[in-house]
Amino acid sequence: MKHSGSKNRTHVKNTHYGWTAATIGLLLVLIVPVLSIVANIWNGPGESWDHIVTYLLPSYSYNTLLLILGSGIAATVLGVFPAYIVSTREFAGSKVLEWLLVLPLAVPNYITAYAYAGFFENGGSLHRAFDIYIDMMNTPGLIVVLATSLYPYVYLSARTFFSESIQSQLQASRLLGYNGWQTFRKVALPLARPAIAAGLLLVLMEVVSDYGASHYFGVQTFSTAIFRSWFSLGEPQTALFLSAILCVLVLLLIAGERTIRGRKKFSFRHSTLRTHAKLHKGWSALISVAVCGVPVVAGFFLPVGQMLWWALTHGISVESDLISATVQSVLIAASASVIAIAAALCVVFFTRWSANKTVNTLSKAALLGYSLPAVVIAVGIMTATIGPEKEIVLWLRSNGFPDANFFINNSLLGLLFAYVVRFLAVSYGPIEAAEQRQGDTLAKVSRTLGYANVATAVKVQIPILKRSALVAGLLVFVDVMKELPITLMTRPFGWDTLAVRVFQLTTEGEWQRAALPALAIVLAGLVPVVILSRRND
Amino acid sequence: MLEINAISHRYTEEPVLDEVSLSLEGGRIGCILGPSGCGKTTLLRCIAGFEQISAGEIRAGATLLSSNSMHMSAEERRIGMVFQDYALLPHLTAQQNVSFALHRQPKRDARLLAMKFLKLVGLAEFAARYPHELSGGQQQRVALARALAPEPRLLLMDEPFSNLDASLRQDLGQEIRQLLTQLGTTALVAMHDHHDAFALADDVGVLRGGRMLQWDSAYRLYHRPADRFIADFVGKGVWLEGRVRGENLVETELGTMSGRMEEPLTEGTSVDVLLRPDDVVHDDDSLMKAEVISKQFKGSEFLYELKTVSGATLLSSVPSHHNHPVGEAIGIRLETDHIVVFARQ
Numbered sequence: 001m002k003h004s005g006s007k008n009r010t011h012v013k014n015t016h017y018g019w020t021a022a023t024i025g026l027l028l029v030l031i032v033p034v035l036s037i038v039a040n041i042w043n044g045p046g047e048s049w050d051h052i053v054t055y056l057l058p059s060y061s062y063n064t065l066l067l068i069l070g071s072g073i074a075a076t077v078l079g080v081f082p083a084y085i086v087s088t089r090e091f092a093g094s095k096v097l098e099w100l101l102v103l104p105l106a107v108p109n110y111i112t113a114y115a116y117a118g119f120f121e122n123g124g125s126l127h128r129a130f131d132i133y134i135d136m137m138n139t140p141g142l143i144v145v146l147a148t149s150l151y152p153y154v155y156l157s158a159r160t161f162f163s164e165s166i167q168s169q170l171q172a173s174r175l176l177g178y179n180g181w182q183t184f185r186k187v188a189l190p191l192a193r194p195a196i197a198a199g200l201l202l203v204l205m206e207v208v209s210d211y212g213a214s215h216y217f218g219v220q221t222f223s224t225a226i227f228r229s230w231f232s233l234g235e236p237q238t239a240l241f242l243s244a245i246l247c248v249l250v251l252l253l254i255a256g257e258r259t260i261r262g263r264k265k266f267s268f269r270h271s272t273l274r275t276h277a278k279l280h281k282g283w284s285a286l287i288s289v290a291v292c293g294v295p296v297v298a299g300f301f302l303p304v305g306q307m308l309w310w311a312l313t314h315g316i317s318v319e320s321d322l323i324s325a326t327v328q329s330v331l332i333a334a335s336a337s338v339i340a341i342a343a344a345l346c347v348v349f350f351t352r353w354s355a356n357k358t359v360n361t362l363s364k365a366a367l368l369g370y371s372l373p374a375v376v377i378a379v380g381i382m383t384a385t386i387g388p389e390k391e392i393v394l395w396l397r398s399n400g401f402p403d404a405n406f407f408i409n410n411s412l413l414g415l416l417f418a419y420v421v422r423f424l425a426v427s428y429g430p431i432e433a434a435e436q437r438q439g440d441t442l443a444k445v446s447r448t449l450g451y452a453n454v455a456t457a458v459k460v461q462i463p464i465l466k467r468s469a470l471v472a473g474l475l476v477f478v479d480v481m482k483e484l485p486i487t488l489m490t491r492p493f494g495w496d497t498l499a500v501r502v503f504q505l506t507t508e509g510e511w512q513r514a515a516l517p518a519l520a521i522v523l524a525g526l527v528p529v530v531i532l533s534r535r536n537d
Numbered sequence: 001m002l003e004i005n006a007i008s009h010r011y012t013e014e015p016v017l018d019e020v021s022l023s024l025e026g027g028r029i030g031c032i033l034g035p036s037g038c039g040k041t042t043l044l045r046c047i048a049g050f051e052q053i054s055a056g057e058i059r060a061g062a063t064l065l066s067s068n069s070m071h072m073s074a075e076e077r078r079i080g081m082v083f084q085d086y087a088l089l090p091h092l093t094a095q096q097n098v099s100f101a102l103h104r105q106p107k108r109d110a111r112l113l114a115m116k117f118l119k120l121v122g123l124a125e126f127a128a129r130y131p132h133e134l135s136g137g138q139q140q141r142v143a144l145a146r147a148l149a150p151e152p153r154l155l156l157m158d159e160p161f162s163n164l165d166a167s168l169r170q171d172l173g174q175e176i177r178q179l180l181t182q183l184g185t186t187a188l189v190a191m192h193d194h195h196d197a198f199a200l201a202d203d204v205g206v207l208r209g210g211r212m213l214q215w216d217s218a219y220r221l222y223h224r225p226a227d228r229f230i231a232d233f234v235g236k237g238v239w240l241e242g243r244v245r246g247e248n249l250v251e252t253e254l255g256t257m258s259g260r261m262e263e264p265l266t267e268g269t270s271v272d273v274l275l276r277p278d279d280v281v282h283d284d285d286s287l288m289k290a291e292v293i294s295k296q297f298k299g300s301e302f303l304y305e306l307k308t309v310s311g312a313t314l315l316s317s318v319p320s321h322h323n324h325p326v327g328e329a330i331g332i333r334l335e336t337d338h339i340v341v342f343a344r345q
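First to last, the protein sequences are chains A and B. Each residue of the first sequence is one higher than the one before, starting from 1 at the first, in this note's numbering. Each residue of the second sequence is one higher than the one before, starting from 1 at the first, in this note's numbering.
Because the hints were derived from the structure by calculation, they are not lab data. None of the hints are false.
Below, a list of computed lysine to aspartate or glutamate pairs in the EDC-like style, where the Cα atoms sit at most 20 Å apart:
#1 A:Lys281 <-> B:Glu75
#2 B:Lys289 <-> B:Asp278
#3 A:Lys186 <-> B:Glu75
#4 A:Lys95 <-> B:Glu13
Since we're looking at a predicted model, the values are computed, not measured.
Chain A extracted, bound-state conformation:
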C-alpha cells in the first residue's frame, strides 16, 4: 500500500505532552499481558515445574517444533505453487480457482480438525463408504490439518507479489527464452522469498497459537500445556513460565522472518499487466487445475462438505442452546468490534497529536497482541488482574457491599479486554492505512477554520475513515466469532459462544450436532474473505 499522505505531512516541533501521556497510557494497558508475564516470572514457577521440565517439556518442545517445521513446509508448498500458476497461466477455471484458494481461511483450525477426524477416522465417512480409514488424530494428522487450513496466508502473500510486483520480470524472463518452470526457479522463487516468509510467519504464529485442533487430536503442545497448567493443575506460575518460553519462540520466528526480508530489500514498481496469451488446454491445464484444486478441496470443500453431510443427515434442528450461543456470540463479537475500532482510532489519533517520533514508533507496540499466542494473552491478563482485583473485592465486601464480585476475571469485561488486546492489530491496520492515505491537508484546513484536534477528528477525519472503520470492525467481529482459546479461558461461567459450543460438542463426540454451529462460524468467516478478495479486484 502506498502511503502518499505521509510525504507532505508536517512534523510539528513542539511536543504535546498531554497526548503523549495519553498514548503511552493506552499502550501500557494494551501490553498488560506481556508486562504481567515479565513481572511475574521472577516469582518462580509452580510446584509441578520440575516434573514438567523433566518429563513433559521435551515432548511439548518436540511436538511444537515438529508442527512448525511440518506445517510450515506443507503450507509453503500448498500456497506457493498455486500462487505462481494463477498469476502466470490461464486455463479453464483459473479465475474461479484464484479466489477459491483463499476460502480455507474461513474455516477455523479446530473445525477442520474435527471434520477431518469425522471423515478419515475409524467409523468416519470414508470408512463407511470404502471400508478404509486413516488414523488422523496424531502429529502428522495435525500437520495436515494446520497446513490445509492455513496455507492461504502464504498463497495470498505470494500471489500478490507474483501478480503485482514482478509481472514484468516474469515476462522478461519468458521473452529471453525461459519456460514457465525455469522462470519459476530462476526468477520467481528467489525474488519471492521475502514475500513467502511474510506469509509463512502468519501461518506459524497461528500454528503456535492453536489450541483447539491440538487438544482435539491429543497432541501436547505449549498451548495445550499452558491451558492444562492453568486449569487442571491450578498453577498460574507454571502457565506463566511456559508462556514466557512460547513468547521467546514467537520472537525467534519474527526475527527469522526479518532476516530473510532484511537481506534482500528490493523495491518493485507496480506492474500488473498480465499475459493473456495462451489458454492452457489438455495435460498442462489438467496439472494446473490439480495443483490449485487440491488445497481448495482439502482446506475447504472436504471439511465443509463433511459438515453439510452431518447437518443434513442429522436433520436441521435448531436446539435452544444453539440460539443462545448464537446470540451471545454476536453480542460479544459486536461489542469487541466497537471497542477495537475505538481503541484503534485512539491509538492512531493520539499518536498523531502527540507529534513525537518516539511515541510514533512505540505505538506499534499496540499490535503486539496479534503476534502473541492466544493462551499467553489470557494467562497474562488473568495474572495481572487477579491479585489487585481480589483486594478490591475483599475491601468492597467488608465495606458495605457484601455482594461485590469479580468484575474482570471470569466476567465479560475481562473477556472483552482480552479480545481487544488480541485483535487490535486487525482493526488498526485498515484504519491506520486509511488515515495515512487521507494525509493531513483536510485536518490542516479544519484547524485553520478554528477546530481543535478532537473536533477536527470527529467532524472531518473520522467521517472520512468511516468505511475503513466498518471494514475493520467487521474483520474483528468475525475473528471473535471464530476465537476459541481466549474464550475458553476467560469467559464467565455459562457464557457459551458458538465456537465454545462446537468445541464442547466435538470433544463429547457429538459430531453431527456440532455441524450446524460449525457451519454458522464458517459462514461468518466467509464474509471477510469475500470483502478482501473484492478489495483486490
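Starting from the known structure of chain A, arrange chain B on it as the hints suggest.
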C-alpha cells in the same frame, strides 16, 4: 522485416486494437506515437506474444508469429523487449542480468558476451553493481543490453524515456539510435512525445483509440499529416481559413501561399491551412505586421504568439536575438514549401 496486417485485439467487447497495420524494414527504427490509452503498449505486447490477437497477422520475415488461429509463445519468438519499468532482476548484478539472457551459451561465453554488451552501452565499469546501485538511465541501458545480447530479430521498447528527465532523454535517444544502427537491429518503440519520436525513429505511426491513423516516415508525418488530429499531435501550429486558387496556391488573409499540396483540390474550395511556427518568419522589412500577444523563451529562439490586423492568431519561432516586447507590432512573412490543407466541412 516486421509485417503487421490488420490485427485486432480485444479484452472485452470494445477493441483495444482495431485493424492495425504497419510494416518495418530490416534495420529501421519504428515508433508508435499516441496519447496514453491509445493501445501502444497492447500493440507491443501482441508482437511480443503476451496477448493473443483476434484477427489479422503478425509476421517477422517469413515467420508467422500470430494470427487468429496461431500463436507462437513469447519464449520462442526471439523478440527482445525493454520494459517501461526495465524489469531488471534485483538479485542479480548488471552483468548477471545480461548473462541471464544468454542461457543458451556456455557460461564462459555468456560472461564475455555480457561484458561486450555492457561495454557497448557504456557500462563496463558498472558490471558488478546491483540494479538499485545504478541510476535510472543506467538501469535503462542494462535493460537494453540484456534485450540486445541474445541478438533478437526485433527489439521492442515501451516508453523508454518515460522515467528519465529531459536532459537525459536527448542524449540517450541519440545513443540508442547510434547503437541500434551500428548493430543493424530492427526496433519498434512506443512513445507519447513527438520530439522523442522524431529524434529516434525512421518511421512513425500515430495510434488513436486503437486505430493506426497514419504510418509513414517521420518527415512525411510532420509535413503531410493524414488528418487534423495527427497534424495537431505531432507539432504546434495554428489553423487559418483559406481558399484554393489553383495548383499549389492557397489564398489566405495573409496573402497567397504557394507550396506543394498533397491532394489537388478544385479551385475555389474552402480550406483550413496549417501554419507551423517555422512557416511564419520574422522579417523587419515586411509590410505585413502582427502584434506580439505573448512569448515563450526557448533558449535559442522565442516562440511568439502573434495577432494579425484581421484578428487571426499565429505562432512564430524567431531566433532569440530578436527580442520584442509584448504589444509591439513586428513584421512577418510566410515561408512555406509544403502546404497542409484540409477541406472545410
